[in-house]
Structure formats: C-alpha cells, structure tokens
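**Q** Next come the chains, spelled out residue by residue.
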Amino acid sequence: ILNVEQSPQSLHVQEGDSTNFTCSFPSSNFYALHWYRWETAKSPEALFVMTLNGDEKKKGRISATLNTKEGYSYLYIKGSQPEDSATYLCAFIGLTGGGNKLTFGTGTQLKVEL
Amino acid sequence: GAGVSQSPRYKVAKRGQDVALRCDPISGHVSLFWYQQALGQGPEFLTYFQNEAQLDKSGLPSDRFFAERPEGSVSTLKIQRTQQEDSAVYLCASSLVGHLGELFFGEGSRLTVL
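So the protein lines, in turn, are chains A and B.
Per the numbering used here: the first sequence = residues 1 to 114.
Per the numbering used here: the second sequence = residues 1001 to 1114.
What the hints contain is simulated information worked out from the structure, not anything from laboratory work.
All C-beta atoms, glycine included, are put in the ideal place defined by N, C-alpha and C.
Certain hints may be false.
Said to hold, decoys possible - Simulated DEER-style distance windows between Cβ atoms:
1. D17/A / G1040/B: 24 to 32 Å
2. L1100/B / G60/A: 21 to 29 Å
3. L1096/B / A41/A: 24 to 32 Å
Unchecked claim - Straight-line alpha carbon distances no greater than 27 Å define the calculated DSSO-like cross-link-like pairs of lysine-lysine that follow:
4. K78/A / K59/A
5. K57/A / K42/A
6. K1078/B / K42/A
7. K59/A / K111/A
8. K1078/B / K59/A
What the hints assert, rightly or not - Among chain A residues calculated to face chain B with C-beta under 8 Å, some are:
9. P44
10. L52
11. L102
Excised from the complex, chain A in its bound form (with noise of 0.2 Å):
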C-alpha cells in the first residue's frame, strides 16, 4: 500500500504571509509527482507535474522543489491571498502498476486571512 503523507492537515495564515507545506512518498519506485490546488465548489486545478531528483517549478507566486532520493515535495506560496485559500493535494506516481494511478494524500487546507 503506497503511503503519501502530507503536513499539515490544515494552516491559517495572514494575507501577505508566506507558507509551505509538505509532501511526503515512497522514495523507492517513484515515477512523477503532481501538485492540485482545489477551491471549494470547484474542479481541482494542476500546478504542477515533477519528474526529476531536484526539480523546481515555479507558477507566479507558487513554487515547488522534489527530493525523490528522501521522498519529499514542499510547495510555496509567497506573499498569501485570499484566493489562494483552497485545498492543495499531492499525488504519486509509481513506476510499477504501469503508471495508470495516482495515489493522493489527503490534502493541505489552507485559509489566508485578511
């Protein structure tokens, strides 16, 4: 059973604050990591897929780095607003089971706060 972990569950932040949070996925068998922000009363939107040991990827004020070697992602979001209030879910990939799942944690919600 594939196991991906994230921290924390949920963060209340001040608008204008930054913030990260974590990813956590077997380092062993890793093929792809994908990051989702999903807003409330919305679809999940992609902000990014990551493939290589030591990618970083960068989408306006988000950014993301991978560690596929110790089995992390971290996910930044610098200078917060209030629309950045959303649910953000990780998702995995490994290479065996021919890549046709992804296999998502339960989420980081965050709230920014005027």
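Chain A is already provided as a structure; the job is to place chain B on it using the hints.
**A** Using the frame of chain A, we list chain B on its own:
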C-alpha cells in the same frame, strides 16, 4: 466543451437504488479516469480508460460498480444497489497522455446514500 463536465452535481439516493454518473471529458483527450473521494480523504483511483478500452479497473470497490466509455468520449459510472458507504464525491478527469501529464478534473458528482 472547454472543460470536463460531470452530471449530476448532486445526487441523493435511497439505499438499494441504482445510480449513474456521467462524465464528458475534454474533446480529444484519450485518457479518462474516475476517482472517489470520501469525506476527509484524498481522492482514490477507481478506473482508467484509454479511448474506449478500460485498461485498469482495479480500484472499483465491488462488483456493484461498473464503468463504461463505449465510444471513447463520454463515460458513465454506474453503481448498483447503492450502500451508505458509497456516499462520496466522484471525480472524473481526462488527459492527453495518461498520468504523465496533468489531469483535468470535473467539479465532481456528490452522491449521498440515505
């Protein structure tokens, strides 16, 4: 359409009733996935189609669950003789290249079984 469309958005069923959930993926997307998200959990893989072929159905929790995509576009997830434990959000996603690229999700169908 512009995005992945799911219907119904909300469904309340009595225990024992059959339900059908529909997914209309992005035009041209070969791959289609169904995920189930129970309260407080991350989405869990149910099944995967490449065009009309169901390549992986290992995540379907019981033989009461059945999915099809007969013409390689619209997909239907059918649940027979619904049980309370089937209550969840059912997410459909499509992509151009399986899980190698980002998935485009619909808004989900929330099923409540009374």
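**Q** Does each hint hold? Answer for all of them.
**A** To see whether the hints hold, each was checked on the structure:
Between D17/A and G1040/B the C-beta distance comes to about 26 Å, which sits within the given range of 24 to 32 Å. Distance hint for L1100/B and G60/A: a CB-CB separation of about 24 Å, consistent with the stated range 21 to 29 Å. Checked against the given bound of 24 to 32 Å, the beta carbons of L1096/B and A41/A, roughly 26 Å apart, stay inside it. The straight-line distance between the Cα atoms of K78/A and K59/A is roughly 11 Å, inside the 27 Å bound, and the hint therefore holds.
Restraint check for K57/A and K42/A: the C-alpha separation of about 24 Å stays at or below 27 Å, so the hint holds. Our distance criterion of 27 Å between C-alpha atoms is met by K1078/B and K42/A, whose separation comes to about 23 Å. A distance of roughly 19 Å separates the Cα atoms of K59/A and K111/A; the hinted pair therefore holds under the 27 Å criterion. Taken as a hint, the K1078/B and K59/A pair is broken in the structure, with Cα atoms around 38 Å apart against an allowance of 27 Å.
For P44/A, the suggested interface contact is upheld, since its CB lies about 4 Å from the closest CB of chain B, less than 8 Å. Here the hint on L52/A is broken, as its CB sits about 13 Å from the closest CB of chain B, past 8 Å. Using the Cβ-Cβ criterion of 8 Å, the hint placing L102/A at the interface with chain B is satisfied: the shortest such distance is roughly 6 Å.
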